[in-house]
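Given the coordinates of chain G, assemble chain D onto it according to the supplied hints.
Here the protein sequences line up with chains G and D, keeping their order.
Mapping to my numbering: the first sequence position 341 is 327, numbers consecutive.
Mapping to my numbering: the second sequence position 17 is 14, numbers consecutive.
It is worth saying that the hints were derived from the structure and are not from the lab.
One or more hints might be untrue.
Only some residues are given here: those of chain G computed to face chain D with a beta carbon under 7 Å [to be verified]: (1) F74; (2) G75; (3) P79; (4) A133; (5) M220; (6) E224; (7) F299.
Chain G residues, not near chain D, derived (Cβ > 10 Å throughout) [stated by the list, open to error]: (8) G(-7); (9) R54; (10) G149; (11) F312; (12) L330.
Here are the computed lysine-lysine pairs in the DSS-like style, where the Cα-Cα straight-line distance is at most 25 Å [stated by the list, open to error]: (13) G:K96 <-> D:K89; (14) G:K127 <-> D:K137; (15) D:K137 <-> G:K51.
Predicted, not measured: the structure shown is a model, and the values here were computed from it.
Backbone N, C-alpha and C fix where the C-beta goes; we use that ideal spot for every residue, glycine too.
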Amino acid sequence: MYVAVKGGERAIENAHAWLAEERRGNTDIAELSIAQIREQLSLAVNRVMAEGSLYDPDLAALAIKQARGDLIEAIFLMRAYRTTLPRFGASEPVDTGIMACDRRISATFKDLPGGQVLGPTFDYTHRLLDFKLAADGEVPKAPSRDAETGNVPHVTEFLNREGLIEEAPHDDTPPPDLTREPLEMPSPRALRLQALTRADEGFTLGLAYSTQRGYGRNHAFVGELRIGSVPVEMDIPELGFAVEIGEVILTECETVNQFTGSKTEPPQFTRGYGLVFGQTERKAISMALVDRALRWEELGEDNVGAPAQDAEFVLYHADNIQATGFLEHIKLPHYVDFQSELELVRKLRREAGAQQVQEAAE
Amino acid sequence: MKDTVSENNPRKVWMGLLAKAPEGRVAALLDAEISRPAFTWLRAPEIGSTMVRARAGSTGAPFNLGEMTITRCALTLETGEVGHSYIQGRSKADAEVAALVDALMQTTMASRLREAVFEPLEAGMATMKAARAAKAAATKVDFFTMTRGED
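Okay, chain G solo, but in the shape it has when bound (with noise of 0.2 Å):
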């Protein structure tokens, strides 16, 4: 039996406009602007472009301003937003190897060309509160040194060279897209990458981390880690060459990781591939290693079991707007799935009752 049931449009508008106060809360405190957000929430914003796929910073900022700080849902509006846009194209591939960065450090390789850079981390910090930010406190100047100029090197070229990583050898296939084709299994390691580059932090991060733990445990060692811009190109087929059309910050994370060899390989590295739009490290990381333990196949390894080496398990939950829009449904009106289920619950319960009776008559 279907029952149409009207009612709640009211409810519904009134939940919004107080919505609406509530974001944006005291009146007597200043009402927080998008480049405010911008500025002062970078790394919030990067999470958003990066998981959002869609690399905006205003947009990001004024996404987060509406959704009063939830990243989620956040995301979920730059996804929304993002399907309303025009494709005009695609890029050239991005050349990291070009990129002018904020940061570059290798676990590896204590001396390295180009040097450990630390730039803006936290790392070091003592993670103890600073009071001085909460009375308003000025910033000193970030001290500046004369700066090498060239591109820095990749840390994979030095071991490249002595044969002792595997390669990424140059190659042109045209990649597939999650975003226009459904994901489908198996999937080559582009459309991995293409879904772990949008994948939810949380989710990756604890993927990772549970292959360091020992599920499906692939050694890996921060090759080098790297944040800065790069130039994005374009092909413009109005003109018939590429241009620059802007410039994205990007963080990258190149893992190296043991591998034995087999009867055909002699015992080389292997590696795992992050790079996420903006400042993202904890999830370009994350990234690499997850890469890397869905690679199992590819290189020959067992497959243990592990999480982190099943690419249906991985690829089909690491999408967080996926993942809350299927989650976050059951909360919305199922009364009439729900009223069929209590009337086979007390059907069930009437006839066990009946036997009971039955029986004790017996």
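Only chain D this time, still in chain G's reference frame:
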């Protein structure tokens, strides 16, 4: 950025600079130098996206990293030159001025604009980049070996 059309295609260079300019900067420089000429739209400013690609392991097979917002337009000057712009972000005003400068750079105005628009633009962008690079350099670790305590 290994490009077939060569790195010294001047139009490629100026279009790249226009795309990366800080918001409103090109308009300020252009309007300080000339009053804008009349033009007709070939394609009015339009906001869209570009899929940014990258390579696995930085050198391997390409994959889709995510999209970025982009605004494009095309216009014709009364003298017939066609200007295009493809610029990051959602500023229609910036896209318009970029296309206008692209068209004007194909006229006899080119050297004047090079001096009035591109030189200060490039200098400003280089200063910003250098300031960031200098701050990064200041965070470079200088290792030194402590005296060993074996003797």
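Taking the hints in turn, this is what the structure says about them:
This hint holds: G:F74 has a C-beta 5 Å from the nearest C-beta of chain D, less than the 7 Å allowed. Nearest Cβ of chain D to the Cβ of G:G75: about 6 Å, under the 7 Å cut. The hint holds. Hint status for G:P79 relative to chain D: holds, with the closest Cβ pair at about 5 Å, below 7 Å. Taken as an interface hint, G:A133 checks out: its beta carbon lies about 4 Å from the nearest beta carbon of chain D, inside 7 Å.
A cut of 7 Å between beta carbons decides the hint on G:M220: the least distance to chain D is about 6 Å, and the hint holds. Checking G:E224 against chain D: minimum C-beta separation of about 6 Å stays under 7 Å; hint holds. Given the 7 Å rule on beta carbons, the hint for G:F299 is violated: about 20 Å separates it from the nearest Cβ of chain D. Chain D leaves G:G(-7) outside its interface by the beta-carbon criterion, the shortest separation being 39 Å against a cut-off of 10 Å.
Under the 10 Å C-beta cut-off, the non-interface status given to G:R54 relative to chain D holds; the minimum distance is some 23 Å. For G:G149, the condition that its CB be more than 10 Å from all CB atoms of chain D holds, with the nearest at approximately 15 Å. With 10 Å as the threshold on Cβ separation, the claim that G:F312 sits away from chain D holds: the shortest Cβ distance comes to roughly 22 Å. No beta-carbon of chain D comes within 10 Å of the beta-carbon of G:L330; the shortest separation is about 46 Å.
Proximity of G:K96 to D:K89 is assessed by CA-CA distance (about 47 Å); at most 25 Å being required, the pair is judged violated. For the suggested pair G:K127 and D:K137, the alpha carbons sit about 17 Å apart, so the restraint of at most 25 Å is met. Between D:K137 and G:K51, the direct Cα distance comes to roughly 36 Å. Violation of the 25 Å bound is thereby established for this hinted pair.
The structure is inconsistent with the numbered hints 7, 13 and 15, although it conforms to all the rest.
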